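Q: Here's the letter readout for the chains.
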Amino acid sequence: MSGESNSFVRKEMISERIPPAAERGLFKWVRENLFSSVFNTIMTFVSLWFIYSIVVAAAPWFLNGIWDAKTIRECYDLLDGKSGACFAVLNERFPQLIYGFKYPSSEYWRPNLASILLLFALAPILFRKLPRRLLAFSAVYPFLAFWLIWGGSILTSVSAFLGCVIAIVCYRRFSSRSFAIAVLISLIAANVWWIIGGYIVDLNDSVLALKDVPSRDLGGFMLNLLLGTIAVCLSIPLGIALALGRQSGMPIIKWICVFFIEFIRGVPLITLLFVANVILAFFFPPGTSLDLILRVLIMMTFFNAAYIAEVVRGGLAALSKGQYEAADSIGLDYTQSMRFIILPQALKISIPGIVNVSVGMLKDTTLVSIISMFDLVGMIRGPILSSTDWNGVYWELFGAAAAIFFVICFSVSKYSQWLERQLETDRR
Amino acid sequence: MNTSDLARRDKFQFSMLLNDKRYRSYTFQFFALFILICAMAYLGKNLLENLAAAGLNISYSFLGEPSGYDINQRLIEYNSQSTHLRASIVGVLNTLLVAFLGCIAATFFGVTAGILRLSNNWIVAKLMMIYVEIFRNVPVLIWILIIHSVFLAFLPQPKAFRGENPEATMLWDAFAFTGRGFYIPKPVFNDGSLIVIITFILSIIGVFAFRYYARQKLYSEGKLLETRWTSVGIFFIPTILIYFALGNPIALEYPELKGFNFKGGIHARGSLISLWFALSIYTGAFIAEVVRAGIQSVDNGQSEAAGALGMRPNFIMNLVILPQALRVIIPPLISFYLNITKNSSLALAVGYMDITGTLGGITLNQTGRAIEAVLLLMLFYLVISLSISAIMNVYNRSIMLKER
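Sequence order for the protein chains is A and B. If you're matching positions, the first sequence starts at 1 in this note's numbering and goes up one per residue. If you're matching positions, the second sequence starts at 1001 in this note's numbering and goes up one per residue.
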């Protein structure tokens, strides 16, 4: 080639030179991200000043924090005029914050065990890579948790569980004939079993019996978690049913659902809690008394279900009409097309929304403190702040409550973002 | 399939109620309605029996009775001799007041934080992310309580403003921020103030009319009129001239320290201020996310295309980016406004007397009319929610992409 003979043609590549000092490494990053313009520079300094002033105010408060004291006066004596937190209240009142002030202290292991098992029960639902067989434990868990937290004989839980099993077996057995008949038969079978089971339980109420803890003795963060978890679990199926009802072509069903959803979404949760507190009892047969937690749970489930229904409706509306038509054209009936074609796609779209609504529900469980139930916030505002020992320790207590909620809600929302990426099968 | 087959198929048989898709929905709806009516009747019967057993009835006459309690933060005249109905109206106005103020402040916080989160300044973007995450993930009730105690703890008491060398001073001798609330100047309307207000309203209309005229001129003759400074002129000059011509009809009444407390001016109670601030900063975190998503939803190509047409940056923002971003932003924004209104019912926690505090709180407890009071309370919130969502539906229809 001619190139070989030309002496001015370079034979080998020169290795690339490193960029000038101003264009690389930390210096470049700082210049581009913090001082790219006059306005940016001002913003950077304002932010730095803001962070500095917070750190200056908060650091001594944290570092001087007293962890061991009996009363707030002892705290002040130990601090001796310095700025400092009185974390001792968290230490001393820890059981009250977590379990409420009436839960028998000898039984704290039961809610502890229940919450640890909750993690195991949730794991196979949250992470689809775990073996599917673990779902069996998730199915047993609600009954187990009921026994652990409320106590009583284990037979109550076992009988309730067996009733559900019988219902599912009956449904499986008859679902090939007709959906309606199968549901009817399984409902009847389960109820028959529960009546029989009730008698058996009444006869032997001491089998593996734990100490009874009445609902009104539950409190603290345990109550928030309990209300949140149960309301969310119950409201997801109800919400899906409401969303399907609202989308259905049957006018009566549709209007019942629309009325329910719009009514619940139109009023604040606190008014529904008022209903649970003072009105709901009027609607039960005279002489029955449903305890407050159950009434609050009913209202919270309705509340959350209405919001979930709107999220799921969004998911259903986002599917193209072709999906519905395709399901019809291959001869699937309504139940089948919903189960195999529509809902899997619609729910996938609605997962972030459902998680947001559910996190909101967990946060809203603090509202029960307004109807004088002693959840975490209720414990702080009631027994702890009004006691002479700890009157005036606002920051530490509310800070701790905020921290607990933050950790849980933040991790749940991070999980939902992760799940969204996992389920993204169409656009990788 | 011949005609006789078809005829046989169409003849109604009883089993078709369950097995034929055309009739099954009627069966199903009939049963649903039947169950609903039965449930309603059952609940109604229980209600009547329970009421009879407790010796109660349903009556709204309590609304006409004197309430016997005082409300310290109020927009209209009210004293403890006023009726429960008037107490409820005071509560309604208080709810609307805090909701209105909250919406404005939350929009401000949210839009600022949402735009700053997209800033190319790393530290500012991170700070805004921390703000959004911290406020979104902690219950609003806890924020209200925290902010209420912050106000109580950090703001000076009115007595700190006293003496030769006070610990705290008023801002411009007009604003006092104390732990008992904020004191701000109050406008006093003297004779002739009506004329000033009318002039002001007319000049606002004038600004819009001028802008409309300028746009027509631009479209019909292609002539670009100077609008900015002319608008400012129309907005301010007539009002200021009339104001001085009439000899300052609108004066300000400044709050003054008398004894241990401030007198005069408008007194916004600490409970109102902390509720307002807490609701707006909490909701602002949610709005920030919506604003961010709205701005990010506009494709980069849009602003590049507008730039290629030779538009200037502020035109690109106003004519290309914002109209498309607002379509994404406004519907959730309005539902957050609704949320502020509903969350303002948490006023109960800080003792601000909104409708939940008056009608659902003290009135309910004094009269024992739980069913009536809670029903009225729900009705009030329902009316607000449904009217706002009706407006939102109209708006959504107007901004829907027209091509579909």
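No lab work stands behind these hints, which were simulated from the structure alone. None of these values were measured; they are calculated from a predicted model. All C-beta atoms, glycine included, are put in the ideal place defined by N, C-alpha and C. You may find that some hints are simply not true.
Claimed, not checked - Chain B stretches covered by chain A per the calculated footprint, using a threshold of three residues with CB under 8 Å from any CB of chain A:
1) 1100–1113
2) 1315–1327
3) 1347–1360
What the hints assert, rightly or not - In silico DSS-like links for lysine-lysine, alpha-carbon gap of 27 Å or less:
4) Lys414(A) <-> Lys348(A)
5) Lys321(A) <-> Lys1126(B)
6) Lys1126(B) <-> Lys414(A)
7) Lys1126(B) <-> Lys254(A)
8) Lys28(A) <-> Lys70(A)
9) Lys82(A) <-> Lys70(A)
10) Lys102(A) <-> Lys254(A)
11) Lys321(A) <-> Lys129(A)
12) Lys70(A) <-> Lys102(A)
13) Lys1126(B) <-> Lys28(A)
14) Lys414(A) <-> Lys129(A)
15) Lys28(A) <-> Lys102(A)
Q: Now look at each hint and say whether the structure bears it out.
A: Going through the hints against the structure:
Counting residues of the region 1100–1113 of chain B whose beta carbon lies closer than 8 Å to any beta carbon of chain A gives 0, which falls below the threshold of three, so the coverage claim is violated. Here's how the region 1315–1327 of chain B fares: 0 of its residues keep a CB closer than 8 Å to some CB of chain A, so the rule of at least three is not met and the hint is violated. Residues of the region 1347–1360 of chain B lying with their CB closer than 8 Å to a CB of chain A number 4, which satisfies the three-residue condition for coverage. At roughly 16 Å between alpha-carbon atoms, lysine 414(A) and lysine 348(A) fall within 27 Å of each other, so this suggested pair holds.
Taking the CA atoms of lysine 321(A) and lysine 1126(B), the gap is near 42 Å; set against the 27 Å cutoff, the hint is violated. Annotation: proposed proximity of lysine 1126(B) to lysine 414(A) holds, straight-line Cα distance about 17 Å (limit 27 Å). For the suggested pair lysine 1126(B) and lysine 254(A), the alpha carbons sit about 46 Å apart, so the restraint of at most 27 Å is broken. With a CA separation close to 54 Å, the supplied pair lysine 28(A) and lysine 70(A) exceeds the 27 Å bound.
Between lysine 82(A) and lysine 70(A) the CA atoms are separated by roughly 18 Å; this keeps the pair inside 27 Å, and the hint holds. Of the supplied pair hints, the one linking lysine 102(A) and lysine 254(A) is violated, its CA atoms being roughly 45 Å apart against a limit of 27 Å. A threshold of 27 Å between alpha carbons decides the hint, and for lysine 321(A) with lysine 129(A) the separation of about 32 Å lies outside it, so the pair is violated. Simply put, lysine 70(A) and lysine 102(A) have alpha-carbon atoms about 20 Å apart, close enough for the 27 Å limit, and the pair holds.
Distance restraint check for lysine 1126(B) and lysine 28(A): the Cα-Cα separation of roughly 19 Å lies within the 27 Å cut-off, and the hinted pair is therefore satisfied. Between lysine 414(A) and lysine 129(A) the CA atoms are separated by roughly 18 Å; this keeps the pair inside 27 Å, and the hint holds. Under the criterion of a C-alpha separation no larger than 27 Å, the hint pairing lysine 28(A) with lysine 102(A) is inconsistent with the structure, at around 60 Å.
Of the numbered hints stated above, those contradicted by the structure are hints 1, 2, 5, 7, 8, 10, 11, 15, listed in ascending order.
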